[in-house]
Amino acid sequence: MENKKDEDKTSEIHCLTIVGQIEGHVMLPPQNKTTKYEHVIPQLVAINQNDKIKGLLVVLNTVGGDVEAGLAISEMLSSLGKPVVSIVFGGGHSIGVPLAVASNYSFISPTSTMTLHPIRMNGTVIGVQQTFEYFDKMQDLIIEFVTRKSKITKERLKQLILDTANIAKDVGTVIIGEQAVKEGIINEVGGLDRAMEKLKELINENKNNIESRDAT
Amino acid sequence: MSENIGINSMDDAVLKTEEAEYKGQIVQYMKMDDGGNKIVRVISTDPKVYLKKEFQPGKVIKEQIFENK
Chain A
1 MENKKDEDKT
11 SEIHCLTIVG
21 QIEGHVMLPP
31 QNKTTKYEHV
41 IPQLVAINQN
51 DKIKGLLVVL
61 NTVGGDVEAG
71 LAISEMLSSL
81 GKPVVSIVFG
91 GGHSIGVPLA
101 VASNYSFISP
111 TSTMTLHPIR
121 MNGTVIGVQQ
131 TFEYFDKMQD
141 LIIEFVTRKS
151 KITKERLKQL
161 ILDTANIAKD
171 VGTVIIGEQA
181 VKEGIINEVG
191 GLDRAMEKLK
201 ELINENKNNI
211 ESRDAT
Chain B
1 MSENIGINSM
11 DDAVLKTEEA
21 EYKGQIVQYM
31 KMDDGGNKIV
41 RVISTDPKVY
51 LKKEFQPGKV
61 IKEQIFENK
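Going down the list, the sequences are from chains A and B. So the first sequence is residues 1 to 216, counted in the working numbering. So the second sequence is residues 1 to 69, counted in the working numbering.
Simulated from the structure, these hints should not be mistaken for lab results. Glycine included, C-beta positions come from ideal geometry on N, C-alpha and C. Accuracy of the hints is not assured; some may be wrong.
Said to hold, decoys possible - One-sided excerpt, in silico: chain A residues whose CB lies under 7 angstroms from chain B:
#1 S11
#2 C15
#3 L16
#4 P30
#5 N32
#6 Q43
#7 S109
#8 T113
To be verified - Below 27 angstroms or equal to it, Euclidean Cα-Cα: the simulated DSSO-like pairs (lysine-lysine) are:
#9 B:K48 with A:K154
#10 A:K9 with B:K23
#11 B:K16 with A:K9
#12 B:K48 with A:K54
Can you build the whole structure from these sequences, using the hints too?
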């Protein structure tokens with residue numbers, strides 16, 4: 001009986017850890033550590049549906065991965081209907097950038113890095129104009145999402161993504177902790193404790209909003 | 001060269017995990033030679049679950065991992 005009671009209780013704040021690669025439509029070999037979209041998407045729906053859960057903390061330490069899966073999770077986080085705070089520990093590269101900015105408030109630890117670079121494709125690539133146009137469209141979607149959810153301008157983000165002077169033999173920019181905040185991508189440099197504090201603050205604000213709305 | 005392939009395929013076998021529901025949570029586990037199941041990772045957003053003893057990574061479960069309700 002005691003056990004049953006324990007099971008029914010769920011934490012008020014849930015934590016989504018997005019670690020390793022983002023795994024989407026294509027299954028990755030077992031050497032890769034992944035966060036799978038088939039796990040994350042239903043979890044987010046469950047969090048939205050469960051009234052006991054007041055807020056979500058997203059912990060990111062990812063190298064990137066499937067663009068569509070990353071964008072799907074990002075859009076779901078930004079439309080969760082509950083306060084979401086994200087924090088980047090270690091790295092939030094590539095598609096980890098939209099995931100980091102999808103929250104209501106984002107943090108980055110001082111030693112974390114984020115790589116901004118143009119999207120890439122594995123496997124068979126058909127060398128036609130249309131492939132390039134598709135890439136361009138997908139890149140625009142990501143840029144649109146990041147600029148919608150953060151303070152960076154479209155021009156500046158494009159400039160960082162297409163920079164050739166920053167990474168050896170590659171196009172893009174690596175930004176570190178404080179720099180991500182200066183560029184306006186992330187809201188604040190901080191740690192776990194500060195992120196939790198902010199999430200609780202947002203939960204309280206949310207509660208007050210609902211109460212005042214119900215009262216009128 | 002053939003040695004290399006041998007090592008790689010062995011690594012893959014070692015790393016192979018399966019998923020099942022165990023005590024109400026989705027867990028990734030590894031099948032061991034002696035028939036036990038070793039917990040690799042629990043998939044949950046509830047931070048409380050990670051503190052439970054039965055879901056600690058490395059814990060070996062002797063019984064069938066699927067829950068019989």
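Against the structure, the hints come out as follows:
1. S11: At about 5 angstroms, which falls below the 7 angstroms cut-off, the nearest Cβ of chain B leaves the hint on A:S11 intact, so it holds.
2. C15: Holds: closest Cβ of chain B sits about 5 angstroms from A:C15, inside 7 angstroms.
3. L16: 5 angstroms, holds
4. P30: 4 angstroms, holds
5. N32: Since chain B brings no Cβ nearer than about 9 angstroms to A:N32, farther than 7 angstroms, the hint is violated.
6. Q43: Hint on A:Q43: holds, closest Cβ of chain B at ~5 angstroms, below 7 angstroms.
7. S109: 18 angstroms, violated
8. T113: This interface hint is violated because 25 angstroms lies over the 7 angstroms limit.
9. B:K48 with A:K154: Answer violated: B:K48 to A:K154 is near 40 angstroms, above 27 angstroms.
10. A:K9 with B:K23: 15 angstroms, holds
11. B:K16 with A:K9: 33 angstroms, violated
12. B:K48 with A:K54: 15 angstroms, holds
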